[in-house]
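One-letter residues, chain by chain:
4 protein chains.
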Amino acid sequence: MRAKSGSGELTVTEQARRAQIVGAAIRTVAELDYASASFKQIAVRAGLSSTGLISYHFAGKQELVDSVFEEILAVFGRFVLERMSGGGTAAEELRLFLLANVEFMRSHPDHLVALVRLREHATVGDGADSDHRALAELLRSGQRRGEFRSFDVDVMALFIMALRNGIVARASEVDLEVCGDELVEVVERATKGD
Amino acid sequence: MRAKSGSGELTVTEQARRAQIVGAAIRTVAELDYASASFKQIAVRAGLSSTGLISYHFAGKQELVDSVFEEILAVFGRFVLERMSGGGTAAEELRLFLLANVEFMRSHPDHLVALVRLREHATVGDGADSDHRALAELLRSGQRRGEFRSFDVDVMALFIMALRNGIVARASEVDLEVCGDELVEVVERATKGD
Amino acid sequence: MRAKSGSGELTVTEQARRAQIVGAAIRTVAELDYASASFKQIAVRAGLSSTGLISYHFAGKQELVDSVFEEILAVFGRFVLERMSGGGTAAEELRLFLLANVEFMRSHPDHLVALVRLREHATVGDGADSDHRALAELLRSGQRRGEFRSFDVDVMALFIMALRNGIVARASEVDLEVCGDELVEVVERATKGD
Amino acid sequence: MRAKSGSGELTVTEQARRAQIVGAAIRTVAELDYASASFKQIAVRAGLSSTGLISYHFAGKQELVDSVFEEILAVFGRFVLERMSGGGTAAEELRLFLLANVEFMRSHPDHLVALVRLREHATVGDGADSDHRALAELLRSGQRRGEFRSFDVDVMALFIMALRNGIVARASEVDLEVCGDELVEVVERATKGD
DNA sequence: CATGAATGAGGATTCATTCAT
DNA sequence: TATGAATGAATCCTCATTCAT
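Residue numbers (our numbering), protein chains in the order written: chain H, 1 to 194; chain D, 1001 to 1194; chain B, 2001 to 2194; chain Z, 3001 to 3194.
If you're looking for bench data, these hints aren't it; they were derived computationally from the structure. Treat each hint with caution, since some may be false.
Which stretches of chain B does chain Z cover? Using the computed rule of at least three CB atoms under 8 angstroms from a CB of chain Z, they are [said to hold, decoys possible]:
no., region
1, 2068-2078
2, 2144-2155
3, 2164-2174
4, 2183-2191
Predicted, not measured: the structure shown is a model, and the values here were computed from it. Idealized CB from N, CA, C, for every residue including glycine.
Whenever a hint applies, use it, and build me the whole structure from the sequences.
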């Protein structure tokens, strides 16, 4: 009854409501645990008086989770893309990517937390993997250009995302400024050619 | 109802039952999602015919989770300690710590998965933090000895644990051999003095 | 909110809408189960984009059910009446009634199915009973004329309707031709004088 | 977790509880509509303070419905079988079958009502069909012995069950004595050879 | 100690209905 | 009039927990 990723079929009002609910869901997941992010909690944060409305706008919890996941990926993707367009070398692009991540944690505190927590519950999947693939490809191109040393690009991509996720998990306890600088330093040391 | 982590108050039988349940819980959390790790699932894996017995031995789900968390930390701690005792330099100790982690993933596949998944649900907390503190202290001593470059030891400890956790999260999809070697390499590059 | 079965108070448009909804409801009940015949399903089949319109035109689900029931009875009544007008004897009228029923199943597949399914949910009641009474009266007159044997006319009317309903319930699985012939035969044997 | 039609795996207590719930369900379906026979209504009639217990003993609503259906069929089957064992001719057996049905309505008022109402919601299915098949077979054997006239046995079986169901539907409004006698008479006339 | 039955709160979801536009 | 968004009650179901035995 409800388009899974509506493009033009959705009313303006409906899009607004969906966005409102998705936003509330992001805040809820970031604040509470994923398991505790019930429709009731989301409804409260969305200012709704009934959980029925969430079911009215989303075919089920899975569609909501997927919509939230896609929304975060979209916002995050745009955010990062804007800050990577100027990169000349692969190393510079990688640096910009890392800084964009840290900056995103500051400007969108809840988004990355929710992203990490929802990763294993989302069924869209290709989002996170495409992130990984893009990063791996960047690393590979850097290797081809001789900027980076020889390493397994998939493993290195996994490492970089793991570092990012590690900061996200402790974002509220650490100094993002210091973390960001050190992140750039560590990744540079990890990747640069001998 | 029951002492939270009684030492001498528990009978042998009781300790055995608790251990049996904790073991089953570890397997359950590793196999299923945390949210899906219900008492029923744990009871099945523990060979128990009633979830009531879990409630009988543990004051509540939280105590079970905390007990599981502490058990994993204890096993992991002993495992790592055995493999780090011989380290001379801080760098060597760090290397042994990393290798011990990777080896632990191989010998105790469920423990680390459960550890990572339970981290945000455990209320004991100091366990993970004590790990973190020990690692930070190791890094600091390395810095004092001039083995490591200057960096924020807390951030670096966070990074190292993040790398470890990243591997754990994908342990079933990656080549642990390659990951372990690259992990050592990356951490060495990240920490060594100029 | 709305007159229960207004005659002159309803505008033409309103009557048309009610008829449209009633028709869709008949199809819905025949196609789905009664319990599954929700306003949403009915609205879909009526080409309506909102279930609110159904509530607007009918005071509640009960009025809709009753309206549907009455509509079916009216259509069915006219259909049968047309085919019974020529009957001379009571036996002949009864035969025509039975044949009209079978013919109705063919020409209005949904109506009788819905009729049977709605019977126990309709609160108008007198509809089905009036049918029953008319049939009983026909049987009684046949008895008075000596065409039928002695039997309890209410019970026999109940039997005849039960046979009809039995065929309706399996209309899609049986050969209506054979059933019709056998129905006439059985009822004739059941009623005729010794 | 719960056997669908437990034989020996069920505790005595559990069997008793299941029987209690099944009994309450039969009463509920007979009293209310099928659609209104919610777990809550059933729980009330079973003297339970929680609908959760029903879910505890039955894997889902479908299993409960099927269990109820099977229970009724079992009770009904035994009841009828006891009263048909003495039948010599097919006609006599048929007569005993009809009388057993009417007697069952008297001694088990709710069972047949529930049976008819649950028929289209039960997924076990073969129960009702096997009833039909047995009846058709009885009719066929009667035809072979020359006791019955020539007719489509499936249609006639359908008719006989329809007559039975018709009485069930109005059991509370009619005189079962009269109905039973007339039922036997009608079926005899419908089936006997010329 | 251990069992399994029982509880009640909380989960997502569906539904008829209401209401502002 | 008609729409679609919103509501809240009710449904089935799962869960941790309690309790008699």
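Results of checking the hints against the structure:
With 0 residues bearing a CB less than 8 angstroms from a CB of chain Z, the region 2068-2078 of chain B misses the requirement of three and the coverage assertion fails. With a cut-off of 8 angstroms between beta carbons, the region 2144-2155 of chain B has 4 residues touching chain Z; three or more are needed, and the interface restraint holds. Interface restraint, the region 2164-2174 of chain B with chain Z: holds (6 residues with C-beta to C-beta distance below 8 angstroms; minimum three). Three residues within the 8 angstroms Cβ limit are the bar, and the region 2183-2191 of chain B against chain Z gives 5, so the coverage statement holds.
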